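> What follows is each chain in one-letter form.
2 protein chains.
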Amino acid sequence: MNTLTIPEKLQQLRRHMQTARIDAFIVMSADPHMSEYLPEHWKIRQWLTGFSGSVGTIVVTQDFAGLWVDGRYWVQAEQQLRNTGFKLQKLSSDASSTHLAWLGHHLNPHAVIAVNGQTISVQQFELLQQLAEKHQLQIQTGLDFIADLWQDRPALPLQPITLMAEGLNAFSRRQKIAIIRQRLKDRQIDGHFISSLDDIAWLLNSRGSDVDYNPVFLAHLYLNARQIVLFVDAAKMNTALRQKFRQDGIEIQPYEASTQFLSQLSDRTVLIDPAKVSILHQQSIAAQISVQHDINPATLLKSCKAPAEIAHIRNAMISDGVALCHFFHWLETALKNGENISELSIDEKITAFRAQQYGFTGPSFATIAGFNANGALPHYRATRTHYQMIQGDGLLLIDSGGQYVDGTTDITRVVAVGIPSAEQKRDYTLVLKCHIALATTVYPEGLAAPLLDAIARHTLWQQGLDYRHGTGHGVGYALNVHEGPQVLSYYAPITPYSGLREGMIISNEPGLYHEGQYGIRIENLMVNRLKQTEHKNYGDFLEFETLTLCPIHQECIVSDLLNPAEIQWLNAYHQMVRERLSPHLQGEVLQWLMTQTRPLS
Amino acid sequence: MNTLTIPEKLQQLRRHMQTARIDAFIVMSADPHMSEYLPEHWKIRQWLTGFSGSVGTIVVTQDFAGLWVDGRYWVQAEQQLRNTGFKLQKLSSDASSTHLAWLGHHLNPHAVIAVNGQTISVQQFELLQQLAEKHQLQIQTGLDFIADLWQDRPALPLQPITLMAEGLNAFSRRQKIAIIRQRLKDRQIDGHFISSLDDIAWLLNSRGSDVDYNPVFLAHLYLNARQIVLFVDAAKMNTALRQKFRQDGIEIQPYEASTQFLSQLSDRTVLIDPAKVSILHQQSIAAQISVQHDINPATLLKSCKAPAEIAHIRNAMISDGVALCHFFHWLETALKNGENISELSIDEKITAFRAQQYGFTGPSFATIAGFNANGALPHYRATRTHYQMIQGDGLLLIDSGGQYVDGTTDITRVVAVGIPSAEQKRDYTLVLKCHIALATTVYPEGLAAPLLDAIARHTLWQQGLDYRHGTGHGVGYALNVHEGPQVLSYYAPITPYSGLREGMIISNEPGLYHEGQYGIRIENLMVNRLKQTEHKNYGDFLEFETLTLCPIHQECIVSDLLNPAEIQWLNAYHQMVRERLSPHLQGEVLQWLMTQTRPLS
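Note that the protein sequences, when read in sequence, are chains A and B. The first sequence begins at 1 in this note's numbering and counts up one residue at a time. The second sequence begins at 1 in this note's numbering and counts up one residue at a time.
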């Protein structure tokens, strides 16, 4: 089997397009589940262009081939696209910078666009359709040129599905199914189709390992009042699992059978989440059926963790905290001893320490270890060909997380290497103030999460400073580290599902980045809990409980910039970290913990 | 002429409905301009039910008559509707509490609803239409039973239109018209129809007095690249004004001619603001014309005041501040002397002191003077039959404002009467902290105003306290005291037009209300201005400049609850008030100002 070069792939694609009379071909960074992490099989954009970033959109015509990527990847894409025939298209917040704008501008009326209907969500397809109507373009969703072109394409993963241990979930499969059925009934909706893998894993109290970092398995699911059908490759299930599913009334059909099943439905109304279902699946639903668009009920239910689940997460945080103490103690010692440490060794070491902990199943995302200027790139990742040694003075930003059977973690700490500058210390303290402001705030139950962002950013805004990423994202329970619907970011749209509810887990990760110099981010996970208040006439209030257990490095704190309440929060946090972690540590590492959690006065 | 009782009006209305085969008749609190204040002619709801609150919706069928009002008016409506045949319908935030929900629930399929198309906006009509489609109802907009029933109905007002003095506006009529034309051209829209009275007054640099409090005149306006037509009663204009308008290319047509004009348009696309134009006007537009819905460009332009206009507003604030010093000095003296003062005398006195100032044309809204429990009703208004004497101990809340030729004011202060309690002092200080937090905040240019509300409420939320009204509203320039598009309230929807821009004026009015006991609100007006920052990589930032000039009463401040930065703000504010007002005051009033603006330490 000979492997094609990128220009050859492009040439062959254009030949296919010509034959099929297609004027423009679009490739989205997506699979039929609209997942964040794709199986190798669906990494079409990477195969076709060589660009390995997490997101990008391709448009190919006979005389143009472009890849649209956002600001974090411009440098990388520029390098990787060299001599491929693909041109970097810089995506910004400006609507005119999108591939849709390009199509509207460059295609002639009646031109035909092809996009694989499996890899575009209903929502994104509707945007494309609006464009097509405006410019009198046609769209074809049924062609799959890549299937013909990609000879050595990896098969879909067949990793086993596992049941979560008894006691880890507050609700059984049957209970969850019954709740969703009741929600549908309340809304007079007959059936519901789900493609989002974390929603399916949550509903079935099961996990998988088909993709990187997210413990999910490839499947679709349909349920109505009588039936619940899981579309999944049977090879992923052992007999015990099959039997459990059967006992709960879950019928298994082949993974590929979902579209045909949808075409033969006898339900009158079907609910789908337009952001989480492919247009191919919606198009498969028989025409006489009324399709209702809304968020998956499972997404809302799974975002609020039950008290028993939060108790498990607190345990996972102890495991993670113990690993982190070992890691940071190692790092400090190694730096002191002048060992050769690179950004890559950080990644290896932190994962190795986590792997020694109970229930660790893998990192929850690719570790970010960025020294000085690399730390100023919020989505930086060191690679085998491109990394920095940790030497000289500066700040080392480490953002990492673990998947445990009883919880998902995500933490960022910044370590001073050598002698940090006065500016670095001041900036570190400003970011810490932002972190504490959010950690200690109280807010009305149901407040849209973006409305809290000004609390977090206030200290930086007062100085004319800001950071260009969200302050917080939802986090799953032994599931995806990025989980909706809540997003704590002032530029996130506010929807009916933006409200903060009891039991939601959210990250608290303000930062500050000086391009070419250094970056700072301090991140803990927190859970929303009810605040007992004296007054009863003003509704319910929530507050945050910080869950992450790891000292916040104090070398860079300028204590004069902290007010007494901030110092009190920091000391109380460190006392909790010490109390929960010290029983699990000994010797030098215990000593390191005691030093790191000493009260600041 | 004999005047009908309310039951008689209802009986006659039902007879008309029966003849016309109408099953349900709706009356909205609106006129053809969707104004906040209606001319007497359009106070149909008040005429038909006797309910005198500012807002309410009527539904009448053959066996039901209901008035939907929100929580502030439940007590008043209960009293005023007694023995009228109308039932109070309590409107809450719950969608099932609306008149639309009632109609959906009670009308049979194919029932016919009548609503006067002149008094319902396109936006509200669309909601009604959605309901009608869902429940197979019909809507008629062309019937006007009230015109037949209301024998002694007041005519439309004919107050004169006046031109604003030269120099008060930063842009001439011609310039404003040219800017709007350019905006239409940029969007490839031919024509634009405006019904909102403040937008018309702003565009024409003219003012009127057709309704209470808002210095506007009844008119509609149409403009395209060639024509600008003002639909207005010619009796409102003197020869000089007509000539000025003619010079600027403004054509005058009768007020009633707007719908016929729209039916004969030759433009292909017309822009209207669906929240600010009646469905009757939209329906008048010829069918082949494409109607585009969006906010009026004038609304966006007028919200950002030019530096020269802000300079005039600062002058108006001096006039208002001088009047307020006289008023508060009088109040303090009168209370000290044991004079008989009622909530009503407050209203009379404050207006009398303002009337002595240059350029005062009237109050900018109905004065709210509420003592103790009355202060806890955010929209309380004392009436001749229902008011409280100011005696004993407690808090007196006074919210008032003035219209001046060079600015519009709106201010709330709380005065301690007798000896305030420790709780009252603590609450007053908490509200002051909220006020200062918002006054001193810095935020990215264009930030949606609701995203700042957490900054303002933070102190109260930490205590489990809140207030059920917005923190800030836009304010016009010698125009409406409530002006869009900006609203600073965490429960306001965020739209593409929610962003804070340089030159916008907004109120800062946090509060706290203990039902049955007392209410606190501290309100100043502020203008958004550019903040000079050291850093250039993080975009532009805005900050607020406080415009209102009047001491903030210090009797209730618990200084231990204020931090040094808050005390510094208060002292700096009082120093500014003293510097700007003292040159205009003498004797005892000057002495009062000096005492009131003494630094707090």
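Keep in mind the hints are simulated off the structure, nothing from the lab. One or more hints might be untrue.
[Said to hold, decoys possible] No farther apart than 25 Å at their CA atoms in a straight line, the calculated lysine-lysine pairs in the BS3-like style are these:
(1) K185(B) - K134(A)
(2) K185(B) - K536(A)
(3) K9(A) - K43(A)
(4) K536(B) - K425(A)
(5) K134(B) - K433(A)
(6) K536(B) - K433(A)
(7) K433(B) - K536(A)
(8) K433(B) - K433(A)
(9) K536(B) - K90(A)
(10) K185(B) - K236(B)
(11) K43(A) - K236(A)
(12) K185(A) - K134(A)
(13) K433(B) - K531(A)
[Said to hold, decoys possible] Every beta carbon over 10 Å from chain A, so not counted as near; a handful from chain B, in silico:
(14) Q175
(15) Q260
(16) Q288
(17) H458
(18) H535
(19) L562
Treat the numbers as computed from the prediction; the structure is a model and nothing was measured. Just so you know, even glycine gets a beta-carbon here, dropped at the ideal spot from N, CA and C.
> Please work out if K536(B) and K425(A) have their alpha carbons no farther apart than 25 Å.
holds (20 Å)
> Need the status of pair K433(B), K433(A): alpha-carbon distance at most 25 Å?
holds (19 Å)
> Is the hinted pair K134(B) and K433(A) satisfied, with a Cα-Cα distance of at most 25 Å?
violated (52 Å)
> Given the hint that K185(B) pairs with K536(A), does the C-alpha gap stay at or below 25 Å?
violated (55 Å)
> Report holds if the minimum CB distance from Q288(B) to chain A is greater than 10 Å, and violated otherwise.
holds (19 Å)
> Does K134(A) sit within 25 Å of K185(A), going by the straight-line distance between their CA atoms?
violated (38 Å)
> For a C-alpha distance cap of 25 Å, please report whether K43(A) and K236(A) respect it.
holds (21 Å)
> For L562(B), which was marked as not at the interface, is the minimum beta-carbon distance to chain A over 10 Å?
holds (13 Å)
> Far enough from chain A: is every CB of that chain over 10 Å from the CB of H458(B)?
At about 6 Å from chain A, H458(B) fails to clear the 10 Å cut-off, so the statement is violated.
> For the pair supplied as a hint, K536(B) and K433(A), confirm whether the alpha-carbon distance does not exceed 25 Å.
holds (22 Å)
> Hint check: K433(B) vs K531(A), CA-CA at most 25 Å. Holds or violated?
holds (22 Å)
> Sort out whether K536(A) lies within 25 Å of K433(B), counting only the CA atoms.
holds (22 Å)
The structure fails to meet hints 2, 5, 10, 12, 17, 18 from the earlier list, while all remaining hints are met.
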